[in-house]
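Respectively, the protein sequence lines represent chains A and B.
Under my numbering, think of the first position of the first sequence as 1, with each following residue one higher.
Under my numbering, think of the first position of the second sequence as 373, with each following residue one higher.
Everything labelled a hint here was simulated from the structure, so no lab data went into it.
There are no misleading hints in this set.
Residues of chain A clear of chain B, computed beta-carbon distances all greater than 12 angstroms:
| hint | residue |
| --- | --- |
| 1 | Lys73 |
| 2 | Ala106 |
| 3 | Leu154 |
| 4 | Asn334 |
Pairwise CB distance ranges (calculated):
| hint | chain 1 | residue 1 | chain 2 | residue 2 | range |
| --- | --- | --- | --- | --- | --- |
| 5 | B | Phe646 | A | Thr369 | 45 to 55 angstroms |
| 6 | A | Glu294 | B | Asp506 | 36 to 46 angstroms |
| 7 | A | Lys280 | B | Val504 | 44 to 54 angstroms |
| 8 | B | Ala499 | A | Asn78 | 39 to 49 angstroms |
| 9 | A | Asn334 | B | Val505 | 53 to 63 angstroms |
| 10 | B | Pro498 | A | Asp87 | 42 to 52 angstroms |
| 11 | A | Lys55 | B | Pro460 | 51 to 61 angstroms |
| 12 | A | Glu294 | B | Ala499 | 23 to 33 angstroms |
Rough simulated footprint, nothing fancy, chain B against chain A, three-plus residues with beta-carbon under 8 angstroms:
| hint | segment |
| --- | --- |
| 13 | 33–41 |
| 14 | 156–170 |
| 15 | 188–194 |
| 16 | 201–209 |
Fair warning: this is a prediction, and the values are worked out from it, not measured in the lab.
Just so it is clear, CB atoms sit at the ideal spot from N, CA and C, and this is done for glycine as well.
Chain by chain, the residues:
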Amino acid sequence: MRKLAVLATSVALLASSSFAKEINVGVTMSMSGPLAAYGQTAYEGIEFANSLQPKLKNGDTVKLVLVDTKGDKVESANAATRLISSDKVVGILGELTSTNTAQVMAIAEKKQIPVISPVATNDKLTEQKEFANRVCFTDSFQGAVVANYAVKDLKLKTAVVVVDQAQVYSLGLAKAFTEAFTKAGGKIVKEIKVSSGDKDFKAVVSQIKAANPDFLFLPMYHPEVSMIARQAKQIGLVKPMFSGDGVANQTFIDLGGDAVEGYMFTDFFDYGAPPTQRSKDFIAAYSQKTGKQEVNSFVALGADAYNLMVDAMNRCANPEDSICINKEIKATVNFEGVSGVINMDKTGNSTRSAVIKVVQNGKAVYKATVNP
Amino acid sequence: MDLTMFMQQMVNGFSLGSMYALIAIGYTMVYGVLRLINFAHGDIMMVGGFLGYFGIAVLDLPFGAAVLLAIVGSALLGMASDRIAYRPLRSAPKISLLITAIGVSFFLENAFNVFFGGVPRAFPVPAYLENVVDFMSLTMPVSAIIVPIITAFLLAIILWVLYKTKYGMAIRALAFDVGTVNLMGIDANRIITLVFGMGSALAAVGGIFWAVNYPSVEPMMGVLVGLKAFAAAVVGGIGSVGGAVLGGLIIGFTEVVVIAFFPELGGYKDAFAFIFLILILLFKPTGILGIDFEKSRF
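With the hints as extra help, turn the sequences into a complete structure.
This is the structure in structure tokens:
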């Protein structure tokens with residue numbers, strides 16, 4: 001049966017190789033649900049990159065097939081299965097959160113379809129996986145960036161960490177931060193666990209106020225962090241607060257209002273300091289189309305995930321050969337991305353820089369770049 | 373834990389519990405008359421929050437007028453859901469009603485998702501509600517004081533309607549026996565519509581409070597709150613208005629106490645609400661203020 005399938009495919013390939021065709025690339029994103037703000041932003045980047053570079057060098061067209069995961073674990077797994085079995089995609093871009101991406105990667109691994117995640121940062125995601133890749137940094141890098149910056153530049157010595165135990169991302173980042181912070185000479189005075197979907201953090205912030213740390217590290221996503229910041233302000237808890245890339249979004253600032261002024265977070269990219277020629281071009285094209293200069297970092301990483309996939313496809317003799325695409329993704333070095341220069345390694349992780357931003361007057365403002 | 377901290381947590385629990393209570397009253401009243409667990413109730417609360425948002429952010433109404441819009445709009449929606457979805461099934465088995473309620477819930481969530489997207493919108497809270505009050509070394513926003521007061525006030529109105537008015541008598545009679553009430557010349561459908569209207573109006577107030585305390589609105593905001601308010605209604609004794617309030621406060625305090633005393637278990641605070649539910653169902657299936665459905669109502 002398998003031989004027959006291979007034969008049929010090769011015949012089909014031979015027959016079609018003479019004229020250009022459409023090749024499906026899958027996208028799994030949270031377009032609705034609590035994480036919709038991220039999904040819509042990242043997809044905007046993927047879609048825009050696709051409009052800039054819709055064709056492969058052999059003339060084939062890349063067609064995006066989007067499935068909404070609703071920010072849900074099970075839906076993410078279903079989306080991956082559906083893309084691979086019925087849409088016959090050669091590769092998948094997405095998901096966003098580490099929890100959901102783990103589902104997509106587990107399914108793609110079995111079917112030998114390469115995945116490139118734009119922003120899933122959990123360390124374990126790419127471990128012992130052949131077909132899992134990402135263009136973002138990992139949590140151990142991000143956690144160390146925050147810890148070192150807090151201790152060395154801001155001279156903050158004690159911290160309270162609030163962990164969202166329902167998110168792999170949060171657990172991983174909290175662990176990475178705790179290790180790096182302790183090593184740098186800091187002390188964690190309290191760790192509090194919460195769950196995503198919570199709105200009421202009054203009890204949590206009351207606890208933190210009693211612990212009186214130098215600063216708060218909140219490795220979570222924006223819906224919860226914005227609520228914590230607001231409720232902290234309400235009980236008069238005014239301390240420096242820090243998060244990872246999980247809050248790198250304008251929605252975070254809209255929801256947090258005044259309470260997130262001065263809030264600091266790590267991010268991948270800042271449009272005010274374009275790191276490559278490609279990012280300058282991208283920002284120019286983007287502002288021409290949308291009328292705004294601000295390219296969100298999720299847009300940039302979405303675009304990079306797409307461009308890296310297309311780049312790898314171009315280097316394969318047959319751009320529909322998923323195994324070759326995966327090999328080429330991992331062999332990518334000095335890739336000029338929108339968000340910066342990306343070097344992939346054979347584990348599927350990328351080596352890249354991070355930026356630190358601070359919220360000022362309702363906008364995220366560039367503060368520093370940290371290289372690995 | 374010192375006394376100030378303890379008091380602060382009590383204030384937090386009281387404010388949260390009052391919101392659950394408001395929503396739980398709607399569950400309990402509809403259950404009382406129809407024996408229906410109206411799973412769409414949490415979503416009516418979401419609609420209330422959205423209407424408030426539109427009143428303020430889009431129509432530029434003053435806060436009070438936006439609240440009124442939310443109350444009237446949600447009450448109409450609640451009555452319409454009864455007219456369209458539940459009334460045709462009056463004589464059908466109870467399980468059909470329950471499934472329809474879940475359908476109405478999904479419909480509302482998805483309709484709002486389609487029209488407004490899933491991205492949370494910042495709720496414009498009037499500054500005077502966000503002001504912070506210092507009271508005997510406790511710090512709290514004005515809303516933390518106002519929410520329990522308004523809840524108590526609304527509860528008083530509901531109890532007055534139930535026990536001092538003709539309509540209240542009709543509601544209580546209806547809860548006792550629908551068939552007989554119809555024979556007595558009371559239009560049962562009109563009374564049921566009234567119950568839906570009252571419950572939904574309270575849910576709208578709950579939704580606005582929710583949006584004020586956690587300043588955002590999004591289509592799924594009613595799901596977990598609805599489930600917890602349902603748990604509150606059962607814990608307190610479903611069918612009893614006082615029980616709904618008591619249950620709401622118990623669930624609110626439980627959540628806060630879990631975090632205050634066991635920060636490590638904070639992530640499981642939702643589980644505690646439902647553990648309460650299971651324990652109550654095991655040992656006192658009618659709830660704390662549970663009523664014997666063969667004897668009296670509310």
